[in-house]
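Trainee: Residues per chain, in single letters:
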Amino acid sequence: AQSVSQHNHHVILSEAASLELGCNYSYGGTVNLFWYVQYPGQHLQLLLKYFSGDPLVKGIKGFEAEFIKSKFSFNLRKPSVQWSDTAEYFCAVSFSGGSYIPTFGRGTSLIVHP
Amino acid sequence: NAGVTQTPKFQVLKTGQSMTLQCAQDMNHNSMYWYRQDPGMGLRLIYYSASEGTTDKGEVPNGYNVSRLNKREFSLRLESAAPSQTSVYFCASVAFRGLEAFFGQGTRLTVV
Chain A
1 AQSVSQHNHH VILSEAASLE LGCNYSYGGT VNLFWYVQYP GQHLQLLLKY FSGDPLVKGI
61 KGFEAEFIKS KFSFNLRKPS VQWSDTAEYF CAVSFSGGSY IPTFGRGTSL IVHP
Chain B
1 NAGVTQTPKF QVLKTGQSMT LQCAQDMNHN SMYWYRQDPG MGLRLIYYSA SEGTTDKGEV
61 PNGYNVSRLN KREFSLRLES AAPSQTSVYF CASVAFRGLE AFFGQGTRLT VV
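Those sequence lines, one after another, are chains A and B. The first sequence maps to residues 1 to 114 in the working numbering. The second sequence maps to residues 1 to 112 in the working numbering.
The reader is advised that the hints may include incorrect statements.
Covered stretches of chain A, as calculated for chain B (at least 3 residues, CB under 8 Å) [what the hints assert, rightly or not]:
#1 46-58
#2 64-71
#3 91-101
Quick list of the computed label-pair ranges, beta carbon to beta carbon [said to hold, decoys possible]:
#4 B:L69 <-> A:H9: 33 to 43 Å
#5 B:T15 <-> A:G62: 41 to 51 Å
#6 B:G40 <-> A:G98: 41 to 51 Å
#7 B:F96 <-> A:S26: 17 to 27 Å
#8 A:L56 <-> B:E79: 44 to 54 Å
Under the rule of at most 30 Å between Cα atoms (straight-line distance), these lysine-lysine pairs were calculated in the DSS-like manner [unchecked claim]:
#9 A:K71 <-> A:K61
#10 B:K9 <-> A:K61
#11 A:K71 <-> A:K49
#12 B:K57 <-> A:K49
#13 A:K49 <-> B:K9
#14 B:K71 <-> B:K57
#15 B:K71 <-> A:K49
In case anyone wonders, no lab produced these hints; they're calculated from the structure. Just so it is clear, CB atoms sit at the ideal spot from N, CA and C, and this is done for glycine as well.
Given only the sequences and the hints, what does the whole structure look like? Please build it.
Mentor: Listed below in structure tokens is the structure:
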């Protein structure tokens with residue numbers, strides 16, 4: 001079965017530090033890729049998405065992600081985090097072989113200290 | 001534009017009680033999903049409806065049933081609640097397969 005793995009479960013950073021969160025998936029076919037953010041007590045909101053084209057995609061709030069097809073990866077980056085980025089981050093993949101049902105990783109809890 | 005609306009936001013049930021979680025979307029989306037979120041487990045799919053009139057099991061369907069009442073509404077029913085069903089439940093909708101999901105605010109359910 002298709003799966004999504006997030007390697008960092010808990011990340012603690014100081015403000016202005018750089019962030020990279022890993023995401024890998026197991027499927028060789030067509031995929032659509034997403035990162036969602038969940039602020040404390042809130043629902044999931046879309047950060048960015050990749051369907052095709054330029055593998056480096058930019059999202060809201062200064063986040064970006066790079067799709068590396070050969071590595072089955074879609075890592076999320078931000079050059080300089082802020083306290084307000086404290087949240088849980090979820091990688092999600094829609095697989096063509098899985099009827100495009102959104103499949104989520106286990107999430108990464110990010111805490112940014114001021 | 002309300003997006004995806006879930007009710008209730010909070011609920012406490014006793015073991016064995018039943019309840020229905022309601023979800024409605026006003027974006028004319030085709031597909032709707034129910035997920036549960038547990039610490040360290042991410043979002044796990046309970047049931048989904050790819051289009052009006054169809055429903056299918058997801059990863060963790062046991063103890064749940066669903067109804068796609070019309071294109072707007074997709075309800076989740078717990079027939080006999082168990083403590084293991086204590087969780088946060090999210091409803092989501094997708095306009096067309098492969099596109100991004102829009103989420104409701106969630107229902108925090110506690111079964112005692």
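Trainee: For each hint, tell me whether it holds in the structure or not.
Mentor: Okay, the hints, checked on the actual structure:
1. With 3 residues having a Cβ less than 8 Å from any Cβ of chain B, the segment 46-58 of chain A passes the three-residue criterion, so the hint holds.
2. With a cut-off of 8 Å between beta carbons, the segment 64-71 of chain A has 0 residues touching chain B; three or more are needed, and the interface restraint is violated.
3. Note: the segment 91-101 of chain A has 6 residues with beta-carbon separation from chain B under 8 Å; the three-residue rule is met and the coverage holds.
4. Roughly 38 Å separates the CB atoms of L69 (chain B) and H9 (chain A), a value that falls within the hinted 33 to 43 Å.
5. Restraint check, T15 (chain B) to G62 (chain A): a C-beta distance of roughly 46 Å satisfies the suggested window 41 to 51 Å.
6. Take G40 (chain B) and G98 (chain A): their Cβ atoms lie about 23 Å apart, and the range 41 to 51 Å is violated.
7. For the hinted restraint 17 to 27 Å between F96 (chain B) and S26 (chain A), the CB-CB distance of approximately 24 Å keeps it satisfied.
8. Between L56 (chain A) and E79 (chain B) the CB atoms are about 48 Å apart, so this pair conforms to the stated range of 44 to 54 Å.
9. Taking the CA atoms of K71 (chain A) and K61 (chain A), the gap is near 26 Å; set against the 30 Å cutoff, the hint holds.
10. Only pairs whose Cα atoms come within 30 Å are accepted, and K9 (chain B) paired with K61 (chain A) is accepted, the gap being roughly 28 Å.
11. Our distance criterion of 30 Å between C-alpha atoms is met by K71 (chain A) and K49 (chain A), whose separation comes to about 18 Å.
12. The suggested pairing of K57 (chain B) with K49 (chain A) holds, with an alpha-carbon distance near 26 Å, which does not exceed 30 Å.
13. Restraint check for K49 (chain A) and K9 (chain B): satisfied, since their Cα atoms lie roughly 28 Å apart, inside the 30 Å limit.
14. For the suggested pair K71 (chain B) and K57 (chain B), the alpha carbons sit about 18 Å apart, so the restraint of at most 30 Å is met.
15. For a cut-off of 30 Å, the pair hint linking K71 (chain B) to K49 (chain A) stands: about 25 Å separates their Cα positions.
Hint violations for this structure: numbers 2, 6, all remaining hints satisfied.
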